[in-house]
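2 protein chains.
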Amino acid sequence: MASSLISRQFALSLQKNLWLSAPGCRYVSKAAPKTQVEFDYDGPSMKTSVPGTRSQELTKQLGDIQNVGAINFFCNYDESRGNYLVDVDGNRMLDIYTQISSIPIGYNHPALLKLMSNPNNLSTLVNRPALGILPPENFPNKLTESLLSVAPSGMGRVQTMACGSCSNENAYKAMFIWYRNKERGHNIPSDEDLSSCMVNQVPGCPELSILSFMGAFHGRTMGCLATTHSKAIHKLDVPSFDWPIAPFPKLQYPLEEFSRENAQEEARCLEEVEDLIVKWRQKGKPVAGIVIEPIQAEGGDNHASPDFFRSLRNIACKHGCAFHVDEVQTGGGNTGKFWAHEHWGMDDPADIVSFSKKLLTGGYYHKDELQADKPYRIFNTWMGDPSKNLLLAEVLNVIRKENLLEEVTRSGKALINGLYELQAQYPGILSRARGQGTFCAIDICDDATRSSILLKARDKGVLLGGCGDRSIRFRPALVFKDYHVHIFLNIFNEVLAQHK
Amino acid sequence: MASSLISRQFALSLQKNLWLSAPGCRYVSKAAPKTQVEFDYDGPSMKTSVPGTRSQELTKQLGDIQNVGAINFFCNYDESRGNYLVDVDGNRMLDIYTQISSIPIGYNHPALLKLMSNPNNLSTLVNRPALGILPPENFPNKLTESLLSVAPSGMGRVQTMACGSCSNENAYKAMFIWYRNKERGHNIPSDEDLSSCMVNQVPGCPELSILSFMGAFHGRTMGCLATTHSKAIHKLDVPSFDWPIAPFPKLQYPLEEFSRENAQEEARCLEEVEDLIVKWRQKGKPVAGIVIEPIQAEGGDNHASPDFFRSLRNIACKHGCAFHVDEVQTGGGNTGKFWAHEHWGMDDPADIVSFSKKLLTGGYYHKDELQADKPYRIFNTWMGDPSKNLLLAEVLNVIRKENLLEEVTRSGKALINGLYELQAQYPGILSRARGQGTFCAIDICDDATRSSILLKARDKGVLLGGCGDRSIRFRPALVFKDYHVHIFLNIFNEVLAQHK
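Protein sequence lines, in the order shown, are assigned to chains W and L.
Position 91, counted from 1, in the first sequence is what this note's numbering calls 91; the numbers after and before it change by one each time, with no gaps.
Position 137, counted from 1, in the second sequence is what this note's numbering calls 1137; the numbers after and before it change by one each time, with no gaps.
Hint data in this document are derived by calculation from the structure and do not stem from the laboratory.
Where hints are given, some of them may not hold.
If you anchor each label on the Cβ, the simulated ranges turn out as follows [claimed, not checked]:
hint	chain 1	residue 1	chain 2	residue 2	range
1	W	154	L	1252	48 to 58 Å
2	L	1233	W	424	54 to 64 Å
3	L	1397	W	232	38 to 48 Å
4	W	63	L	1427	56 to 66 Å
5	L	1306	W	282	51 to 61 Å
6	W	272	L	1191	17 to 27 Å
7	W	186	L	1156	50 to 60 Å
8	L	1247	W	271	45 to 55 Å
9	W	63	L	1306	28 to 38 Å
10	W	272	L	1185	32 to 42 Å
11	L	1272	W	263	56 to 66 Å
12	W	149	L	1306	46 to 56 Å
Since we're looking at a predicted model, the values are computed, not measured.
All C-beta atoms in this analysis are idealised placements derived from N, C-alpha and C, irrespective of residue type, glycine included.
Just chain W, same shape as in the assembly (with noise of 0.2 Å):
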């Protein structure tokens, strides 16, 4: 059943008209001036509450290899299409959380079916290279059509990776090396630096730390889960570093209306950051670089002002420290920009900017000074996926030909007044409505009500993921329309009038 409809929506995408209608579907044709239609369903469609009978059997199925305890349901990928993802038990809901806001365009997108099934790219599927030792003919074009068509401003270089993890590992490594050539002078190791090292000792293995905020989210690997705080489950009972933590500011929203009140708050982090760099350094243990997300994500989407990421780019150049700018989960267009950075209008934002998610491979742009002074520092067996590269590629046509930043940005506005609106209806509810584009969040009472919330949400066919203590995020896929924002929020009100 699944594959023969799977194997339905491959010979439609075979066909010279794509974009055809199928039973179920909804066929949206608008008069824009480039194609804007979409192969989507109608609305949500629940059969069973979720998670449903065979969900439950496979959960069970899985207890027996894995933790099953973050299973939300099983999917059937198949089925899934557009904003809508289709679930074993038959149930189709909006997906406002897109695989941890890692689905750019959508569920089998007709433009990456097609690009799958073409028998030009299948060595690609099949021969993983090592791309640090011996790329494919095409590596090089393909990075500039991917990757460099989109570099943030100042930034000609990246290296791929083959997670956000890991890309803000070598990331860390990269500042890491530059800093310590800075402080030598030269790139050439003394012998105690070259023998202390194998041991994991000082000069070799200097003390050298990354300076960090509170509520910041980087990975969970031992190097990025130092600079990761928030929440204690990622961090509790894995050894960690001695590395400066900072306070992200605690902004009043919406921002223009507590402009004041915001900016002192951001002058007493700045302060706070200065403070902590100079009494890292007399500890011996230097700020080599600062990591930041230009909206901390997993911690609860705290925002901060242009001006703030201005003055601490600002500090990091005084200081001599790497500015790295974390675009994991805000890059790749929720924000209405490509980059979330571009919004601070800066033409020198970052020295390294990393990514993952929605980018579909991992890794990092950087500048010229912050590549690595030799082979093999930045490096592993497969550095990134070349079938990856050829995905991001075809979505990178997709959002062009398609318009869908100005998309997300019509679609933003229609989600953020939709939220004020409900903001104001459910006050004991619903608070500090906030976001950029569709990259939006709101806050709920408590905790208990937001899991309800979200559960109630999800049995009417809206799936959404919190973030934070007891806030909300919301990440749909770019190709999320005005006239979903409207189901959503329909479903949304249904839901919070029966917690009124």
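With chain W's structure known, arrange chain L on it following the hints.
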């Protein structure tokens, strides 16, 4: 040109008889009980020295984007087949390095081309799920038919990850979590645990350690890197942990001729391991786990006896440390058994076994008690990639159908005997021939001679890799047969004759 050829391969792969010969390709049929035929080239074919003009151009182009100091040459993966890697200048090389030991059954294996061109698999290629929360319907079955079908003795649980480093990082975390719960006597953290871990401090982020061995390689992210001690270039300038590092036995080869001396050396190392465990416990940084490779690969193909590993496993048990066997490079069949640790003949070889490379997906198996007690402790966005599980399931089918482990044992004997002969013939250049299955190595008199031999062999059509200070490692695919061994030995002999 390249794409027309791959289309031809694709077409062939879809025909009922997958094993057609094609111009320039070898059609081998044996009278063995199961299919033992192969889609492969006749032998190396060299048109230029390597890297040729086209590779040099592309290296220059990539140099504007990345550090290219480690690039060997650029490849034409469409034209590569079986044991032969074709470069962009039309050179065809017998590949005995296989993308740093990560290609299990050769290039463009017809079974994998067929698999990836099956429209039923399209949705797996374009919809990458967040496996920890929303797995696909077939996920438990795919795990069962792929990873669990080759699970190490005593292990029914497996966690997938994106790469080798992530696999080891998460395995270490699992050991830390397990150890701390053991110390507590229960799994309920104190309020102090929960608050202190948020700022990287004890007791929430405890001062636990992992014991590793000199010469080990376990990856390059910061947790793994603290247990890697093979080359300074990997570790230089990166902060690390003060964790214990034991000597790995320096054995004399052939092992059977030096059993008394080697047993003494192993006893010395084991004694040191126990001393370090006691010392680090006294330091307040108890050893939560011991990590070791069955054969130190990157560090120079250093072997130890089954007795050594059995004793080490006992020491781990005695001192309450978890025992983690890192099979990232040794796993997947090259040693003649699917896992190198199977050569130890133990029912209970380890608590954790990690893998990547030839398994095509990263991950680790573990005993029940090493499963994290709560969800989201071992977690990330993707937690692997189902498209790699698909490939792995088919690779395992091919290994079984084509009896590839038996082939490896057979080719491995031919390889090691050939190396012994060459070593006798060129005693001034070669020494310490060693290996298990085709996982072999030999030492060269010095690093400069090694470099020269590697380049000359490459120009004659044999691709090899180095390891340690002056070793050459052999890492062919599992489809490397007797006659490939002889092609290699003939060319290697020619190269050595020039150096004599």
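Each hint tested on the structure:
1. Look at residue 154 of chain W against residue 1252 of chain L: about 56 Å separates their beta carbons, and that is inside 48 to 58 Å.
2. The hint said 54 to 64 Å for the Cβ distance between residue 1233 of chain L and residue 424 of chain W, and at roughly 60 Å that hint holds.
3. Restraint check, residue 1397 of chain L to residue 232 of chain W: a C-beta distance of roughly 44 Å satisfies the suggested window 38 to 48 Å.
4. Checked against the given bound of 56 to 66 Å, the beta carbons of residue 63 of chain W and residue 1427 of chain L, roughly 59 Å apart, stay inside it.
5. A hinted range of 51 to 61 Å for the beta carbons of residue 1306 of chain L and residue 282 of chain W is consistent with their spacing of about 53 Å.
6. Distance hint check: the CB atoms of residue 272 of chain W and residue 1191 of chain L are about 25 Å apart, consistent with the given range 17 to 27 Å.
7. At roughly 54 Å, the beta carbons of residue 186 of chain W and residue 1156 of chain L sit within the given window of 50 to 60 Å.
8. Against the hinted window of 45 to 55 Å, the Cβ-Cβ separation of residue 1247 of chain L and residue 271 of chain W comes to about 50 Å, which satisfies the hint.
9. For the hinted restraint 28 to 38 Å between residue 63 of chain W and residue 1306 of chain L, the CB-CB distance of approximately 35 Å keeps it satisfied.
10. Taken as a hint, the range 32 to 42 Å holds for the pair residue 272 of chain W and residue 1185 of chain L, whose Cβ atoms sit roughly 39 Å apart.
11. For the pair residue 1272 of chain L and residue 263 of chain W, the supplied restraint of 56 to 66 Å holds, since their beta-carbon distance comes to about 59 Å.
12. Distance hint check: the CB atoms of residue 149 of chain W and residue 1306 of chain L are about 54 Å apart, consistent with the given range 46 to 56 Å.
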